[in-house]
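Visitor: Sequence:
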Amino acid sequence: MSSLKGPMLMVAAMAGFAIEDAIIKDLSTRMPPGEVGLALGAGGALVFGLAMWRKGERFFDRRALKGAALLRNISEMLAAMCMILGVALVPLSVVSSILQAMPLAVTLAAALFLGEPVGWRRWSAILVGFLGVLLILRPGTEGFDSLALIPLAAVVFLTTRDIATRKVSPDVTSLQLSGWGFFAVVPGGILLLLIRGESMVIPSALDSTFLILNVLVGTTAYVMLVLSTRLGDVASTTPFRYARLVFAMLIGVLVFGERPDGWTLIGSAVIVAAGLYTLLREIRLNRRPVQTSETATLP
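To get the numbering used here, take the position in the sequence shown, counting from 1, and add 115.
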């Protein structure tokens, strides 16, 4: 049973992130997406700030504004802006499908900017995965929706975040990075409000409850994600990251009445297959597979 803890926690974490996205999408129909992000960032930063205080770690630290940590925080902010807006405006099935290309994007970036070795098989898998993204987007056709470029931009910023994370000083704790990541969503939410020319509204009692629930679900899912990687080996836990796509599609269909078309389903399958092949190739070569962390808004 202990061997199942890692995969089970990973599945639970992915379910939590999918639920978090659904709450954001629902709230964004009654209040500005930027306000939803601002509340999520402030609430998450408070939760992790309290955890840091209990461990005697500093939340406000100059290292957050220097070098790789600064790049990571800026990327987190931009990724959060794109993810929140994407979830609000684009079907969950499409957002989640495009997001599955992130491990491939991180592998590509690690090869280009960190000099990590990537053989022709994984280069081929990366190319196939991005072809899957094109199947979902279908640029130049009647099925193309320019709003779908928003979650694609989020993938770019999330990839930058994860690459920057590898260069952050090792004396910066994971708890600090998590707290800073959530706090970065606050200015992101403010920027969204300014860019879209929207004003904050006073949430109803029900919406206030959902905002609090969103923070609890998001932070709990994040903790379960961390625990899953610690309690289970990479080979047994990482493939279950794709469970998020299943949960997102189910929620999209059952809650929001979405109807993913055939191209979206095919593209999603291609991306997942390419990602799993890349993972298996890493394991076969006895290398540590590329790890991606979830954004504070997710994922």
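Hint data in this document are derived by calculation from the structure and do not stem from the laboratory. Errors might be hidden in some of the hints.
[What the hints assert, rightly or not] Here are the simulated BS3-like cross-link-like pairs (lysine-lysine), alpha carbons at most 25 Å apart as the crow flies:
| hint | residue 1 | residue 2 |
| --- | --- | --- |
| 1 | K181 | K170 |
| 2 | K282 | K120 |
| 3 | K181 | K282 |
[Claimed, not checked] With beta-carbon atoms standing in for the labels, derived distance ranges:
| hint | residue 1 | residue 2 | range |
| --- | --- | --- | --- |
| 4 | L321 | W238 | 46 to 52 Å |
| 5 | G372 | T288 | 16 to 22 Å |
| 6 | L309 | A388 | 53 to 59 Å |
| 7 | A384 | W235 | 18 to 24 Å |
| 8 | W378 | L227 | 26 to 32 Å |
Note that beta-carbon positions come from the ideal geometry of N, C-alpha and C, so glycine has one too.
Visitor: Next step is simple, just say for each hint if it's right about the structure.
Guide: Hints, one by one, checked against the model:
1. Pair hint K181 plus K170 holds up; C-alpha atoms about 23 Å apart against a cutoff of 25 Å.
2. Between the alpha carbons of K282 and K120 the distance comes to roughly 30 Å, so the proposed pair goes past 25 Å and is violated.
3. This hinted pair checks out: K181 and K282 have alpha carbons roughly 11 Å apart, not beyond 25 Å.
4. As the Cβ distance of L321 to W238 is approximately 50 Å, the hint placing it in 46 to 52 Å holds.
5. The hinted range of 16 to 22 Å is not satisfied by G372 and T288, whose Cβ atoms lie roughly 43 Å apart.
6. Under the hint 53 to 59 Å, the C-beta atoms of L309 and A388, about 41 Å apart, miss the expected range.
7. Roughly 23 Å separates the CB atoms of A384 and W235, a value that falls within the hinted 18 to 24 Å.
8. Taking the beta carbon of each, W378 and L227 are about 29 Å apart, inside 26 to 32 Å as hinted.
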